[in-house]
Structures are given as C-alpha cells and as structure tokens.
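A.B. asks: Build out the structure end to end from the sequences listed, making use of the hints.
This is what each chain is made of:
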Amino acid sequence: MQYSQQQSSQRGRLLNQLARAICFLCAILLIAVIVAVFIFIGAKAFRIFSEGGNLKTFFTVDNWDPTGVYDPTGNGTASYGAFGLILGSVVITLGSIIIVTPLALFTAVFFTEMAPKWLVTFLKPLIEIFTGVPSVVIGFLGLIIIVPALSRLVTPFQKQLGILGATGGFGWGAAILVLVIMVLPTVLSVSIDSLRAVPGSVREASLALGSTRWQMMYKAIIPAAASGLGTAVVLGMARAIGETLAVAMVLSGRNLPQKLLSLGALFQPNVNVTQQIAQNFGEAVGTVSEDAYWTLAFVLLVVSFIFICISRYLASRSVYK
Amino acid sequence: MSIHSVTPSTLSPAEKQRAARLLDVVRRLNRNNAIASSLLWVVTMLVALVFLAIIVNIIWTGFPAFFASTFYTATTAGIAKELFNSFYILILSEIFLFPISLAAAIFLVEYTRQGPFVTVIHFAAETLAGVPSLVLGMFGFLVFSINLHMGVSRLAGALTMLCLNFPLALRLFEDALNNVPREQREGALALGATKWQSIWTVVLPSALPGIITGLILTAGKIIGEAAALLFTMGTNNPSEVFTLSPFIASDTLTTRLYYLTQQGINTSGLNAAGEAALDAGLAATLIVFLLLINILARYVGRLIQRKLTAA
Chain A
1 MQYSQQQSSQ
11 RGRLLNQLAR
21 AICFLCAILL
31 IAVIVAVFIF
41 IGAKAFRIFS
51 EGGNLKTFFT
61 VDNWDPTGVY
71 DPTGNGTASY
81 GAFGLILGSV
91 VITLGSIIIV
101 TPLALFTAVF
111 FTEMAPKWLV
121 TFLKPLIEIF
131 TGVPSVVIGF
141 LGLIIIVPAL
151 SRLVTPFQKQ
161 LGILGATGGF
171 GWGAAILVLV
181 IMVLPTVLSV
191 SIDSLRAVPG
201 SVREASLALG
211 STRWQMMYKA
221 IIPAAASGLG
231 TAVVLGMARA
241 IGETLAVAMV
251 LSGRNLPQKL
261 LSLGALFQPN
271 VNVTQQIAQN
281 FGEAVGTVSE
291 DAYWTLAFVL
301 LVVSFIFICI
311 SRYLASRSVY
321 K
Chain B
1 MSIHSVTPST
11 LSPAEKQRAA
21 RLLDVVRRLN
31 RNNAIASSLL
41 WVVTMLVALV
51 FLAIIVNIIW
61 TGFPAFFAST
71 FYTATTAGIA
81 KELFNSFYIL
91 ILSEIFLFPI
101 SLAAAIFLVE
111 YTRQGPFVTV
121 IHFAAETLAG
131 VPSLVLGMFG
141 FLVFSINLHM
151 GVSRLAGALT
161 MLCLNFPLAL
171 RLFEDALNNV
181 PREQREGALA
191 LGATKWQSIW
201 TVVLPSALPG
211 IITGLILTAG
221 KIIGEAAALL
231 FTMGTNNPSE
241 VFTLSPFIAS
251 DTLTTRLYYL
261 TQQGINTSGL
271 NAAGEAALDA
281 GLAATLIVFL
291 LLINILARYV
301 GRLIQRKLTA
311 A
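So the protein sequences, as listed, match chains A and B. Numbered continuously in the working numbering, the first sequence closes out at residue 321. Numbered continuously in the working numbering, the second sequence closes out at residue 311.
To be clear, the hints were calculated from the coordinates, so they are not data collected in a lab. All clues stand as given, with none of them false.
For the chain B half of the interface with chain A, some residues (derived, Cβ under 7 angstroms), not all of them:
{"no.": "1", "residue": "L29"}
{"no.": "2", "residue": "L40"}
{"no.": "3", "residue": "A103"}
{"no.": "4", "residue": "L286"}
Distance ranges between label pairs, derived from CB positions:
{"no.": "5", "chain 1": "A", "residue 1": "G68", "chain 2": "B", "residue 2": "G115", "range": "52 to 62 angstroms"}
{"no.": "6", "chain 1": "B", "residue 1": "R182", "chain 2": "A", "residue 2": "R254", "range": "51 to 61 angstroms"}
{"no.": "7", "chain 1": "B", "residue 1": "L49", "chain 2": "A", "residue 2": "P148", "range": "17 to 27 angstroms"}
{"no.": "8", "chain 1": "B", "residue 1": "G115", "chain 2": "A", "residue 2": "G282", "range": "35 to 45 angstroms"}
{"no.": "9", "chain 1": "B", "residue 1": "A48", "chain 2": "A", "residue 2": "P223", "range": "23 to 33 angstroms"}
{"no.": "10", "chain 1": "A", "residue 1": "L207", "chain 2": "B", "residue 2": "L49", "range": "28 to 38 angstroms"}
{"no.": "11", "chain 1": "B", "residue 1": "V42", "chain 2": "A", "residue 2": "F59", "range": "34 to 44 angstroms"}
{"no.": "12", "chain 1": "A", "residue 1": "S151", "chain 2": "B", "residue 2": "T76", "range": "25 to 35 angstroms"}
{"no.": "13", "chain 1": "B", "residue 1": "L244", "chain 2": "A", "residue 2": "T77", "range": "41 to 51 angstroms"}
From a predicted model like this one, the values you see are computed outputs, not experimental measurements. Cβ atoms here follow ideal geometry from the backbone N, Cα and C, with glycine treated the same way.
C.D. replies: Shown next as structure tokens:
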C-alpha cells in the first residue's frame with residue numbers, strides 16, 4: 001500500500017518535471033522565433049550592397065528597378081534607389097496618424113468620461129470588431145468607394161493641382177484614408193485603456209476644485225494618461241507602416257509622381273515599401289533582384305522594432321497602468 | 001443668472017464689479033464646456049457612424065452574390081475551394097498555435113516568478129507582435145519553404161501563422177490564467193497535489209472560458225490574415241484541392257480576394273461584372289465570419305462559465 005502510494009507520488013513529480021520542461025521550451029520558442037526573424041532577414045539584408053547597390057543611393061535616389069527592365073539605356077542595369085518607397089511609407093504613415101490622433105483622442109475621452117452606458121455597450125463591440133477587420137476587406141472597400149470618390153472629387157481640379165496624367169483616385173490620398181480606417185480602432189482601444197487606468201480620485205479632485213467637466217478632462221485626465229496615449233499613437237504608427245494589402249490595393253503605382261511637391265501628388269498612382277514587396281517579391285524569388293526586397297524587409301523590421309521600443313519606453317513611464 | 005439675484009444690494013460698486021467679472025469667468029467656462037461636450041459627441045458619433053456604414057456597406061454590396069447559383073461551387077466563380085482552404089489552414093494553424101502558446105502561458109503564469117525572464121519573454125512577444133505580417137511572411141517563406149524544404153505549402157503557411165499569432169495568443173491565455181483566483185491554486189497545493197496536478201485539474205478548468213475566448217479570437221485573426229500567406233501558401237490552387245494533404249499550395253478567402261483585385265479580369269477567366277460580384281461576395285463572407293467569431297467569443301465563454309458553475 002505504502003509502496004504504491006510512493007510510486008504514484010513519484011510518477012506525479014516526474015510528470016510535473018516533464019510538463020515544466022515542455023512549457024519552458026514553448027516559452028523559449030517565442031524568443032527563438034523573434035531572434036530568428038532578425039538573424040535570417042538581417043543576413044540577407046546587406047547582400048545588395050555587394051551586388052551594385054550603394055547604401056547612400058539606396059536612401060537618396062528614387063529609382064526602384066531591381067530587375068533592370070526599366071533601365072533607360074536598355075542595358076538592363078538594376079537600380080536600387082528606394083527613396084521613393086521609403087518616402088511613400090513615411091508620408092502615408094504620418095498623414096494617417098495626423099488624422100487618427102485627434103479622432104482617437106476625442107472619441108476615447110468621450111468614451112471614458114461622458115458616454116452614457118447604453119452607448120458604451122453598443123460602441124465597445126463595434127471597436128473590438130474593427131480591430132480585427134481583414135486588411136484585404138478594407139482594401140476592397142478602398143477600391144470600390146474611396147478611389148472612385150477621390151477620382152470624382154479631384155478630376156475637375158486636375159490642372160490646378162498639377163496632375164499630369166489621369167488620376168483615377170489611386171495614390172497616397174486613398175492610402176491615407178484606408179490607413180485611418182485600419183489604424184483608428186487600434187489607437188482608440190489602447191487610448192481607452194490608458195484613460196480607464198486613471199483612478200477616479202483624479203477626476204474627483206479636479207471636480208472638487210471647481211473645474212468644469214471639460215477642464216477636468218483636458219487639465220487632469222489627459223495629462224495623467226499622457227504617456228499611455230503616446231503609446232497608443234506609436235503603436236498605431238507601427239501598425240500603419242507595416243500595413244500591406246489594403247495600402248497596396250489603392251496605391252498601384254511604380255514610381256513617385258513627377259511633381260512631388262504639389263497637392264496633386266496625393267492623388268496619383270504612387271508607391272510605398274510594402275506595396276512593392278507584396279507585388280514583386282513573389283516573382284523576384286530566385287533571381288538576383290530578390291536580395292533587394294530583403295533589404296526593404298529589413299528596413300521595415302528595424303523601423304517597427306524602433307517603434308515598439310519607443311512605445312515600451314513610454315509605457316514604462318506612465319504613472320497609472 | 002443675473003448679478004442682482006446673487007449679490008445683495010449692500011455691496012459696494014467695486015465688489016459688484018468683481019462679482020460681475022467672476023460670473024463672466026463662470027459663464028465662459030460653462031460655454032467652453034458645452035462646446036467641447038457637443039464636439040466630443042459629434043466626433044464620436046461620426047466615427048461610430050463611419051464604422052457602422054463600412055460594415056453595412058460591405059455586407060450590402062456582397063449580399064446579391066450569396067444568392068448566385070455559382071457562388072458556392074468549386075469553380076472560378078465560386079468560393080467553395082477558398083472556403084475549404086481557409087478552414088483547413090485555420091485548423092492546421094490552431095493545432096500548432098493552441099498547445100504551444102497555452103504551454104508558454106502556463107510557464108509564464110504558473111511555473112516562474114515575475115523577474116527578468118518574464119520581462120524578456122514579454123519584450124520578445126511585443127517585438128514579434130510589432131513585426132509587419134508581410135515581413136513575417138517573407139521570413140516564413142525563407143525558413144519553412146526554402147530552408148526546411150516545405151515549399152510553398154499549407155504547412156509552411158500554418159507555421160508562419162504560428163509565428164504571427166503567437167504573441168496575441170500568449171497574451172490572451174496569460175490573461176485567462178491570471179483571472180483564476182490564487183486561493184484555488186493554494187487549495188490544490190495544500191491537498192498535496194503537484195504543481196502540474198493543480199494546473200491540470202484546478203487552474204485549466206477554471207480558466208477554460210477565457211481560453212476558449214482566446215482561441216476564438218486568434219481564429220478570427222487567422223481567417224482574416226493574407227499578407228503572411230501570399231508567399232508561404234501562394235495564390236493558386238492545384239487541381240485537387242479537397243484533400244487533407246498539408247504539402248500543397250492553396251489560396252484562401254483573403255488571398256483570393258487580393259489576387260482577383262490585383263490581376264486583370266483577363267487572367268481570372270471571369271467577365272468584369274462576374275468578378276466584381278465575386279469580389280464583393282468574398283469581402284462580405286469575410287465580414288460575416290468576423291461578426292460570427294466576435295459573437296461566439298462573447299457568448300461561448302459566458303456559456304461555458306455558466307455550465308461549469310452550475311454543475
């Protein structure tokens with residue numbers, strides 16, 4: 001009797017050790033994956049610089065032609081000037097975040113401080129649903145609604161805006177609007193969380209000092225949640241810069257438009273980093289031009305890593321969590 | 001509110017002036033408050049309206065396609081193949097994702113104390129969550145398809161999905177485990193159970209509603225993902241799609257929609273109207289799945305909880 005009890009408790013301890021080891025391996029796997037992502041992509045990222053690419057021209061020249069088919073001399077010389085692509089990603093990310101930030105801030109403040117309960121029970125699921133909307137679906141929406149609408153809006157003013165070719169509504173403008181739809185729910189839900197984390201005593205103290213509700217919101221609540229709100233915006237930017245299909249569907253260009261410094265540049269077929277990878281990487285595999293896309297991927301990887309570090313830093317500074 | 005109603009007539013003119021100025025300040029503050037409040041109302045309603053309009057619009061546009069006779073067939077004009085592939089990849093991905101991320105969550109919550117190791121794992125998870133899905137797709141292509149010789153296949157796609165959804169699943173499962181009260185674990189340990197026995201018999205059953213909700217939410221992510229599958233699973237089907245073989249390339253509802261909108265009408269074998277209808281139908285199908293998954297996530301967890309607590 002005693003012997004079998006001992007045996008079963010021994011088996012229990014053994015099982016416990018085994019389970020612990022397996023769980024530990026699974027946790028380690030996560031670190032292995034992210035390290036592998038950096039190693040594998042990083043190892044391929046610098047190859048083009050020994051194949052005719054140049055670090056300076058990569059960031060300053062706008063001529064992305066890794067296959068060399070568009071070479072004006074006809075020699076098929078590849079060109080790795082990614083300035084246009086990077087500029088495209090920066091413009092649409094900044095453009096969308098400039099629209100998203102006030103919208104998300106206003107909505108989040110309303111949501112936590114003013115909204116009646118019935119409205120919250122209706123809006124909360126709506127936001128949650130929208131954080132998961134497939135990016136292809138939003139891209140499709142952009143194609144059937146945003147692009148035609150922008151085309152109708154812009155065509156009468158084509159001369160004034162300095163648009164040379166036909167516009168069709170594709171371009172940075174449409175991409176920014178699509179990104180607003182994609183990013184707003186993320187920024188909004190993180191903002192709501194950080195405003196909710198501000199304790200009620202802050203509100204009560206502010207109101208007890210005689211401030212109006214609006215004073216309470218912008219002089220007490222928003223400063224108290226500032227770093228959390230900053231985290232929300234940075235996370236939104238991280239999402240915006242990596243967003244692919246929705247943006248690719250409404251950009252559909254190959255190069256920057258000719259007159260870059262005009263309002264019309266927003267409404268002509270255009271480029272960014274993710275669009276070029278999505279459209280051309282599949283065909284580039286196995287050819288020399290493949291390496292150029294790994295460099296682009298590495299740039300994206302590093303930029304999003306920087307965004308995550310910034311958001312972590314901001315989150316670590318926040319007083320209320 | 002007039003000055004006379006709040007200031008007794010015995011006040012000196014200077015005092016009356018001061019009272020008037022104070023009332024002015026109060027009035028201005030109240031006016032600002034009213035303006036700001038109505039602005040907040042308007043902005044929020046606008047945002048909500050746009051979101052609602054988007055959902056209604058996509059379903060409305062795709063609604064006619066649901067009744068087309070060809071829509072559910074395994075032809076170019078139908079979605080039968082894509083539907084099968086989407087659910088196949090969902091199940092295959094969850095087979096990897098669910099046990100691995102649950103085990104990782106168990107380790108973090110149950111087996112180890114808060115410390116540098118947990119911080120490193122959380123930092124890794126956040127970093128991985130921030131990697132664009134397109135870049136992870138390229139990574140999956142390089143590692144699974146090329147280096148591990150899986151080719152462009154469902155298996156490579158599912159493993160990429162594991163990398164992509166690991167951080168989200170980990171966070172959801174960690175939350176589920178953290179919601180189990182400490183006393184339950186202590187009770188089990190006090191009865192002489194090993195750590196694993198207390199996890200298996202006490203913690204996991206109590207955390208089940210949260211775990212199921214997490215499972216459903218990651219399922220939504222997998223169904224909606226496209227960028228990570230473009231290079232790992234391809235956008236074309238072999239002639240024999242309805243097999244359980246994980247080694248064939250295949251498209252899904254999302255990659256099919258992307259492929260159709262990017263390729264001209266000439267390559268898809270459909271006329272313009274037919275393709276537009278199919279696009280709209282695919283988008284509407286995806287939105288319907290998204291809504292279903294959200295409703296499920298909301299109610300299944302609660303239902304299980306009620307069953308468990310009533311039993």
